[in-house]
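> So the sequences go chain by chain: A and B. Residue numbers for the first sequence follow numbering that gives the first Met the number 0, so the first one is 0 and each next one is one higher. Residue numbers for the second sequence follow numbering that gives the first Met the number 0, so the first one is 0 and each next one is one higher.
Everything labelled a hint here was simulated from the structure, so no lab data went into it. There are no misleading hints in this set.
Which copy is meant is left open, so a pair is good if it fits within one copy or across any two.
With a straight-line cut-off of 25 Å between C-alpha atoms, the simulated BS3-like cross-links for lysine-lysine are: (1) K123 <-> K76; (2) K40 <-> K76; (3) K110 <-> K76.
Number of protein chains: 2
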Amino acid sequence: MTFSLDPRLAADTYHLGNLPLCRVLLMNDARYPWVILVPRKPDLREFIDLDAATRHILMDEIALVSQAVQASVRPTKLNVAALGNVVAQLHIHIVARFEGDEAWPGPVWGKGERRPYDADAAQKLNLDLSRALNLV
Amino acid sequence: MTFSLDPRLAADTYHLGNLPLCRVLLMNDARYPWVILVPRKPDLREFIDLDAATRHILMDEIALVSQAVQASVRPTKLNVAALGNVVAQLHIHIVARFEGDEAWPGPVWGKGERRPYDADAAQKLNLDLSRALNLV
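Can you build the whole structure from these sequences, using the hints too?
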């Protein structure tokens with residue numbers, strides 16, 4: 000089996016690039032700077048479906064993205080989560096939260112409607128993050 | 000500075016014990032089997048406040064708890080998250096989710112009212128998890 004991205008994740012995101020383990024996606028939601036990491040291996044649902052060494056690589060990539068997001072947008076708080084109740088394919092959310100954002104202090108999932116970026120804003124954030132992650 | 004547990008985390012949980020890095024807490028909410036890990040170091044807010052080696056230990060402990068919870072209650076899905084919008088002290092939620100539980104498929108945070116365990120149920124779950132984690 001080869002890796003393939005769940006079409007629901009593909010539909011709502013921009014593809015930023017690949018890290019050694021994960022596909023890096025930017026959620027197309029202008030309300031929150033929101034990156035999603037998807038380990039590029041088939042049939043994953045939980046962290047514990049990965050072996051210990053690969054979980055460490057995943058943690059390294061979560062940290063790399065967290066540092067890039069923090070440096071780019073200086074959020075109040077990062078939210079890092081692997082939920083998967085709707086899309087079961089293992090994916091990790093890294094969301095920059097700001098005091099007073101639409102869902103603050105609650106979680107972002109299932110709250111209100113996604114607001115797509117306008118093209119210029121998406122391009123700028125894509126470029127900033129891709130550079131910060133050395134993806135370009 | 001020494002580690003001290005945020006009093007809001009202490010108030011809502013049972014203390015299960017310690018792993019090498021983390022305090023292990025059981026959320027006193029009978030709606031969901033819900034463990035919280037708190038790294039026992041002062042002044043932590045984000046994963047990236049830990050160095051890379053300690054983040055790997057944290058991931059190992061997340062996996063250990065995830066495996067114990069999965070073996071104990073066989074959930075539909077594990078939810079693993081570090082949010083911290085309300086209590087900023089770094090803490091990691093590991094929540095066993097079941098199709099049809101009160102918040103399903105949404106997130107558990109900020110949804111409805113916590114329902115404390117009755118004493119027998121709490122004691123049994125405490126004991127099961129403590130044994131599974133080799134805390135007793």
